[in-house]
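J.: If you read the sequences in order, they're chains A and B.
For the first sequence, the numbering used here gives the first residue as 105, with consecutive numbering after it.
For the second sequence, the numbering used here gives the first residue as 105, with consecutive numbering after it.
Since the hints were derived computationally from the structure, they do not count as laboratory data.
Please note that the accuracy of each hint is not assured.
Pairs involving identical chains hold if they fit within one copy or between any two copies, as the list cannot separate such chains.
Below, simulated BS3-like cross-link-like pairs (lysine-lysine); rule was C-alpha separation at most 27 angstroms, straight line [as the list claims (entries may be wrong)]:
| # | residue 1 | residue 2 |
| --- | --- | --- |
| 1 | 214 | 224 |
| 2 | 349 | 223 |
| 3 | 195 | 214 |
| 4 | 363 | 153 |
| 5 | 153 | 195 |
| 6 | 324 | 128 |
| 7 | 491 | 313 |
There are 2 protein chains.
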Amino acid sequence: MALVVQKFGGTSVGSVERIRNVAKRVAKTYDAGNDVIVVVSAMSGETNKLVALANEVTEFPDTREYDVLVSSGEQVTVALLAMCLKSMGYKAKSYIGHQISILTDSSFSKARIKKINDKKIRQDLNDRTIIIAAGFQGVDGDGNITTLGRGGSDTSGVALAAALKADVCEIFTDVDGVYTTDPNICETARKIDRISYDEMLELASLGAKVLQIRSVQFAKKFNVDVHVRSSFNDNPGTLVTKEDKEMESILVSGITYAKDETKIAVMRVPDKPGIAAKILSPLSAANISVDMILQNVSEDGFTDFTFTVTKADFKKALMITKEAAAEIHARDVLTDDNISKVSVVGLGMRSHAGVATRMFETLAKEGINIQMISTSEIKVSVVIDAKYTELAVRVLHDEFELSGKEVTVER
Amino acid sequence: MALVVQKFGGTSVGSVERIRNVAKRVAKTYDAGNDVIVVVSAMSGETNKLVALANEVTEFPDTREYDVLVSSGEQVTVALLAMCLKSMGYKAKSYIGHQISILTDSSFSKARIKKINDKKIRQDLNDRTIIIAAGFQGVDGDGNITTLGRGGSDTSGVALAAALKADVCEIFTDVDGVYTTDPNICETARKIDRISYDEMLELASLGAKVLQIRSVQFAKKFNVDVHVRSSFNDNPGTLVTKEDKEMESILVSGITYAKDETKIAVMRVPDKPGIAAKILSPLSAANISVDMILQNVSEDGFTDFTFTVTKADFKKALMITKEAAAEIHARDVLTDDNISKVSVVGLGMRSHAGVATRMFETLAKEGINIQMISTSEIKVSVVIDAKYTELAVRVLHDEFELSGKEVTVER
């Protein structure tokens, strides 16, 4: 007998029919003798509908009230799922954020979990009650409703698994697991059976949308085994877990791409110490994350300073950059949103040199120009012209021998 | 400067545009120097949508989870209204049931308010913040979400007004106030300027849908002035308040009708003591309220026993009655849902006899047969064939001189 946390996303609970399927799956796990905590998102489309209402009211909704608004979505789902399980004869009970309670800081819309009070849940589990917990939401020290940011239900699931020392946190999704790359653009993409937290973190940061980054950080910190699997079948998915020798022997685990960044280039900046800070400080002060950064080789005491931000931050970032550029007497600020970032990720890079070189050569062979580069211990990312994205992913997937030969990709 | 509670129903907050209008009205009251507590229902249609989801899941939804589900509707509205007021530059803050907290018993879906904690709200009011409170919902001693029954937001409003000793509780609705009868079937119906709690209680119990009964009981108990008025204009509405001499001088204040009852007749029951109890006890044990009761004059030691229940309770009531009828060897159980209850209400009846007689004579003159009668100190109700409802209301409205002569009825 184990304690299993099962998290179901919006698509998996998108209709009453699907909620019924989720209930059956939960019941099966429970009937096998396990204690079960279920974490659910809002029904797909609901959060968007609520957000649209907020935007209809005002362009800049108050963040406290925004969280009150959007957290209502999960409240609907937990109630429906608990009703469904009870109508099937199971003991089940819904919990919303403050009832658990999931204590967070007060950063509305992107709150961080500080503490989970597991007392009530433990009592119910001891009583063999199935816990249905609202994902995505928490409560701050003053009793205000908070939310954890888009995809926050993954984090709720992993955090509950950590707090209650669950044996596994199963994240049910509409794909079969984590793939070596996006099967939509590379038909030889293969499901990965096991992957380390660090690789998963890189993949999640670099564009793989299957898990929220913070949930992986949580899993790593508290050593929670996360099993990413399909809510539509019983196939084993991908286990995200502590790294081991076997994982290290794999040079590259996955290829990701992201088209959600825009390039901003500050042209002809005087090449003096402190220039980067002058451009980047106001951006970080405005809570804008800069991803890739490139400073060209100096020429006559001038240089170009280029960086990328997400498309969501772009408008604000451009405004701030233009102000900074004027102050440091740059000649111009250029932008390009026709870019994409392609990355290769693998623990094996730590002990094997040459991955970056192989990557650059492979792209060069196809005539793909590399605009920016960034690396970490276990990943290499490049910015290229967006139109080459699919091609780049496919040739790299081949180059690093990721194609599944015997495994059929089910979608 | 006063403390004003303003309650807006589902129609008044049925769209973002209407929420904006509510915000403007609240702001106007606030700008006049008043402290304001706003109580809102779910957007019209939303509660029905949630109920439909529950019924799609199961025929008999668990009541605890049902309350978790439907209470999400008000959460949406308080957030949107608070956002709207904040975007207009006002200090505003939403509160849902447990945040206030509105402590209730644990009778899910028809919980009764036990205590309101006004500490947080008072702090915010002192700070000149507009309070936006979710109507309809509360929290029980164990932290479970409860709801107060359909129309419960009226009760939330009056209860908050009582707890915070507000100067008035304004109930905004889609009509101009309380009418002498339904203007839809009697075009001479007139808006009542002032009415006593007791008359309002009878009117509300007898079919006038403008206020939830429990809210009037609350208002009476705590002496809260309730001003029922239109959310679409600034006309004065109806003040529900303590009775005074002037009110007592009015013989009949209003005529109501209700078509939501069904008659159940147990035929040829042995006319022995305890028979009524044998039929009614199992019904009350099943929490079914019996309204009108009639026991015919005995004939050869047998009698007919007739009563009415709401259409909502009918199916269950019939099942129970048939069982009881079999036990006491009644010959048959007949039902008739083609009935309506017409009532006249007025404080003046206390001191003036003859209202019932005038009522019966008036109906007789039109050939309307009276099937059942029930009376209280300030009302007379009769059950008649449903097809005569409108006619009965109109002739009684005339007979008791309720028609507005100089007052134009605005709808």
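J.: Each of the hints needs a verdict: does it hold here or not?
T.: Structure-based check of all given hints:
Within a single copy, residue 214 and residue 224 get their C-alpha atoms as close as 25 angstroms, and across copies as close as 25 angstroms, so both meet the 27 angstroms cut-off. Proximity of residue 349 and residue 223 under a CA criterion of 27 angstroms is satisfied in neither setting, with 38 angstroms inside one chain copy and 59 angstroms between copies. In this assembly of identical chains, residue 195 and residue 214 lie within 27 angstroms of each other by CA distance solely across copies; the values are 23 angstroms between and 33 angstroms within a copy. Taking the closest pair of Cα atoms, residue 363 and residue 153 come within 27 angstroms of each other only inside a single copy of the chain (25 angstroms); across copies the shortest separation is 38 angstroms, beyond that limit.
Taking CA atoms no more than 27 angstroms apart as the test, residue 153 paired with residue 195 passes between copies only; the shortest distance there is 26 angstroms, against 32 angstroms inside one copy. For the homomeric pair residue 324 and residue 128, neither the shortest alpha-carbon distance inside one copy (30 angstroms) nor that between copies (50 angstroms) is at most 27 angstroms. Proximity of residue 491 and residue 313 under a CA criterion of 27 angstroms is satisfied intra-copy only: 21 angstroms inside one chain copy versus 64 angstroms between copies.
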